[in-house]
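> Listed in order, the protein sequences are those of chains A and B. For the first sequence, the positions run 1 to 159 when our numbering is used. For the second sequence, the positions run 1 to 751 when our numbering is used.
Just so you know, these hints were derived from the structure itself, not from any lab. Heads up, a few of these hints could be off.
Unchecked claim - List time: in silico PhoX-like cross-link candidates among lysine-lysine, alpha-carbon distance up to 25 Å:
hint, chain 1, residue 1, chain 2, residue 2
1, B, LYS438, B, LYS335
2, B, LYS558, A, LYS95
3, B, LYS438, B, LYS371
4, B, LYS369, B, LYS501
5, A, LYS76, B, LYS555
6, B, LYS214, A, LYS95
7, B, LYS573, A, LYS95
8, B, LYS558, A, LYS76
9, A, LYS95, B, LYS555
10, B, LYS385, B, LYS367
As a plain string of letters, each chain reads:
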Amino acid sequence: MEELNNSSSQNEAPAVRCAEQYVTFAVGKLTFGVDIGAVREILRSQPLTEVPLAPTIVRGIINLRGQVLTAIDMRKLLSLPEFAPDARPTNIIVKADDEFISLLVDSIGDVIQVDPQTFEDVPSTLPHHVGALLQGVIKREGKLLLAFNPSACLSCEGA
Amino acid sequence: MSIQDDATLEFLGESLENLERYDQELLFLESNRTSNDTINKIFRIVHTMKGTCGFFDFKKLESVSHVGENLLDSLRSGKIEVSEPIISALLGLGDALRTIIVSISELGNEGDADFGILITRLTQLNEAEGSTNEAESSVSAPHDEVSQATSSATSEEDELSKLFAAGQAEFAASQEPSPVPPELATQQLPQQDESKKTEIVETALRVDINLLNKLMNLVGELVLARNQLLQFTKYHDDNEFVATSQALNLITSELQEGIMRTRMQPVGNVLNRFPRIVRDVAMACGKQVNLVLQGKETELDKSIIEAIKDPLTHIIRNAVDHGIEAPAERSQAGKSPEGTLSIRAYQEGGQVIIEVTDDGKGLHLEKIKQKAIERGLVSPDRAAKLSEHEIHGLIFLPGFSTAEKVTSISGRGVGMDVVRSNIERVGGSVDLTSTFGKGSTFTLKIPLTLAIIPALIVTADDRRYAIPQVNLIELVRVEQERISQLIEEVHGASFYRLRGKLLPLVDLRQQLDLAAPPPQRSTNIVVVQGDEHRFGLIVDTINDTEEIVVKPLGKLLKSIDAFSGVTIMGDGKLALILDVVGLARQAGVRKGTPPEVVVNSDHSEGEKVQLLVFNVDGEQRAAVPLDQVHRLEKVDSKALEKAEGKTVVQYRGGILPLIDLREVLGGRSAGYQGVLRVFVHNIGDRSVGFVVDSIVDICEEVVNVGTAFGTPGRRGSAVIQGAVTDLVDLPALVAQTGLEYDSSMEVLWKS
Chain A
1 MEELNNSSSQ NEAPAVRCAE QYVTFAVGKL TFGVDIGAVR EILRSQPLTE
51 VPLAPTIVRG IINLRGQVLT AIDMRKLLSL PEFAPDARPT NIIVKADDEF
101 ISLLVDSIGD VIQVDPQTFE DVPSTLPHHV GALLQGVIKR EGKLLLAFNP
151 SACLSCEGA
Chain B
1 MSIQDDATLE FLGESLENLE RYDQELLFLE SNRTSNDTIN KIFRIVHTMK
51 GTCGFFDFKK LESVSHVGEN LLDSLRSGKI EVSEPIISAL LGLGDALRTI
101 IVSISELGNE GDADFGILIT RLTQLNEAEG STNEAESSVS APHDEVSQAT
151 SSATSEEDEL SKLFAAGQAE FAASQEPSPV PPELATQQLP QQDESKKTEI
201 VETALRVDIN LLNKLMNLVG ELVLARNQLL QFTKYHDDNE FVATSQALNL
251 ITSELQEGIM RTRMQPVGNV LNRFPRIVRD VAMACGKQVN LVLQGKETEL
301 DKSIIEAIKD PLTHIIRNAV DHGIEAPAER SQAGKSPEGT LSIRAYQEGG
351 QVIIEVTDDG KGLHLEKIKQ KAIERGLVSP DRAAKLSEHE IHGLIFLPGF
401 STAEKVTSIS GRGVGMDVVR SNIERVGGSV DLTSTFGKGS TFTLKIPLTL
451 AIIPALIVTA DDRRYAIPQV NLIELVRVEQ ERISQLIEEV HGASFYRLRG
501 KLLPLVDLRQ QLDLAAPPPQ RSTNIVVVQG DEHRFGLIVD TINDTEEIVV
551 KPLGKLLKSI DAFSGVTIMG DGKLALILDV VGLARQAGVR KGTPPEVVVN
601 SDHSEGEKVQ LLVFNVDGEQ RAAVPLDQVH RLEKVDSKAL EKAEGKTVVQ
651 YRGGILPLID LREVLGGRSA GYQGVLRVFV HNIGDRSVGF VVDSIVDICE
701 EVVNVGTAFG TPGRRGSAVI QGAVTDLVDL PALVAQTGLE YDSSMEVLWK
751 S
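Here chain A stands alone, though its shape is the one from the complex (with noise of 0.2 Å):
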């Protein structure tokens, strides 16, 4: 699963900062955290419409009090198992670039405060495609939390 890619770099984010706190959510066996000024709610399983010829990441568009959001499945994105037919993913709306886009996770954690000394650099033993999405990880009780950044999503060529 490892891809050797050289042409981009793993750390491209200029400013890599630790947030304060951290909205924390669970894709596969994934724990990623997302800085919560970026998040702007979080909802059950919406109505969704699928869009054709989409790229493959985009789960389809949902309408939010009148806003049209992409959702994008985070399990494709990371090119895990696809979710059940009948799952329903939680949503997680959050800024990413100019837009708002919906995240389709498994399970939502807890708000966690960090310490910024505890973040670090996204380690080149992560595979690419997990790596190009992060700012950075935070080493938390023996466990990685993978600290998401949104916009990456956007840059994403989805295959």
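Use these hints to put chain B onto chain A, whose structure you have.
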């Protein structure tokens, strides 16, 4: 220096607006030289500007406007008379002031341009007392130089600078403008101006356009929320709830309308710059042009106005430069030496139409064909088969230009294709009609607003999609039995034979990678066109026309060719908006297909036909060409009688058989009760009466009237006045119901 503070921005904005008015007044003054009122208006504009820029320390602006003010003061006191050189110089002043202001707003400083020559010229004009003859006589020595300079110059600036090159030899260049005696300056400002000015200021506000956009978005969302709320009122009977919802509904509608109006601006804002442009271009190429503007108050969304400014300007420059002939040439052709260029704007349906008409030499078909062939834009074979209208259309192809010499004004070969794509980018269209020797007309059609558009809703694979009405040409339904006759396969692609032309077919399900449909009784084809790509889109069903709010797609979805946006339907579900041009591209539909797949071209396409539109029953609409309707009558059902099994009525000394059109067209007939709405159709010297539900309207529409297809008695469908309307083929209907056309013999009844 920082230029971002509000006061400065306001000053810059106001000044630009004032300079536009300044130009207009000057041009008016040019034709009405004794109008003191106008001179005063112009003076006040410059005077105000000079005064205000003193607060901002814009020295250059101040000194330039000061010289202008002096000259204007002399004009209004009668010391000097208005003349052509003065108007030109004052126009130059306006340009100079504009240049400085633009420099301030873009660079933060007044720029490096040196206006010494202009200042000299204005001073010089001011010092000549009495009539301009004196001024001219003192320039008499370099006069020849001057006139030569004028005719060979290609721009106002060149003209001025050449003038000055000549003039400077004669006059000592004076950089110091003569100061206006203070008493004179203050005295001349009548008190009533102040109050008039305040009046004008109070009826309008300057509002940040971003704020307006934000309000517009919010109202859009309010509309959607209101739509959803209205859905709920269907299921809840609570009176108070329903009443409150109704109130909310009304308020929202009015708010929506009001906000949309704030963005609407009169198209005159754009049109008003054209007198100046026409004047400049005409002078530069030695033409005489009379510009007529109509419909300046017609309103358009501000963003659309911005978008059409450049294309319109190009069309107009073109018309003056290439369209209208030189006075001598015109006289020879028996035309008046002065050409007329008319710009007419009006609203029709959901669009604003702008027609630019010139009475110049029109398009030369052969020359255009040759040029297009030369440039490799069309093959000689194909060119030979093009219709006149199609040849005109060639000028819109990239890389085309018929200018014999490229002038700095137009004709660089970058022209018409850019004009067309700019206009189409905002959802509009541009078309050209021309008669060689007589003139040309450009017709621009532009949507009223981008945000809310009328669209046809269609279904494919249980999902709804929206097709903007601006792309809609017509609707066709082909019954299963006739498919083999009317749909053809050419090189693996499907085509539909529509009135003699082969229309490429695009299957929406296929394009969107959706499953193939179950076998159907009939095929629904929506004939669409975008950017010269015309094709028939096969969909599952055709729903109705709706006004939809256009919402943009996110970054990841924007790049999909097939979609141009998404809308939220009344039930909260999302419908993707189809991008007709994108679909064409994706499906590989070639541009301008009729010339590609050569069939005889049907010249009756696109004629304006007068139609009688009527209701077949409560829901269905149909139309017949008005010239097939002899009279409209109301018939009391009590007067009906039976003859040989047919229902008839005594009418004008004869017998009028009746056909229930409602039944024939597959609608619900209420039978013959009460008063019937009948229109009378003549067959030779006999008449037939057709019973309908009610008459809707008589209108004139561009409709393709062709041969029958599919269901007997129908000629196809069109979207007329926003509603899907069947076009009825009366002759076929009559034949079907058992009457025979025979103008020379008696009408025979068939049982």
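> Work down the list of hints and note, for each, if the structure agrees.
So, going through the hints one by one against the coordinates:
1. The straight-line distance between the Cα atoms of LYS438/B and LYS335/B is roughly 9 Å, inside the 25 Å bound, and the hint therefore holds.
2. The hinted pair formed by LYS558/B and LYS95/A meets the criterion: a straight-line CA distance of about 17 Å does not exceed 25 Å.
3. Restraint check for LYS438/B and LYS371/B: the C-alpha separation of about 21 Å stays at or below 25 Å, so the hint holds.
4. Restraint check: the Cα-Cα separation between LYS369/B and LYS501/B comes to about 22 Å, which is no more than 25 Å; the hinted pair holds.
5. Distance check on the hinted pair: LYS76/A and LYS555/B sit about 18 Å apart at the alpha-carbon level, within 25 Å; holds.
6. Under the criterion of a C-alpha separation no larger than 25 Å, the hint pairing LYS214/B with LYS95/A is consistent with the structure, at around 19 Å.
7. Distance hint between LYS573/B and LYS95/A is fulfilled; the C-alpha atoms sit about 23 Å from each other, no more than 25 Å.
8. A threshold of 25 Å between alpha carbons decides the hint, and for LYS558/B with LYS76/A the separation of about 20 Å falls inside it, so the pair holds.
9. For the proposed pair LYS95/A and LYS555/B, the alpha carbon gap of about 12 Å is at most 25 Å, so the pair holds.
10. The straight-line distance between the Cα atoms of LYS385/B and LYS367/B is roughly 15 Å, inside the 25 Å bound, and the hint therefore holds.
Taken one by one, the earlier hints all hold for this structure without exception.
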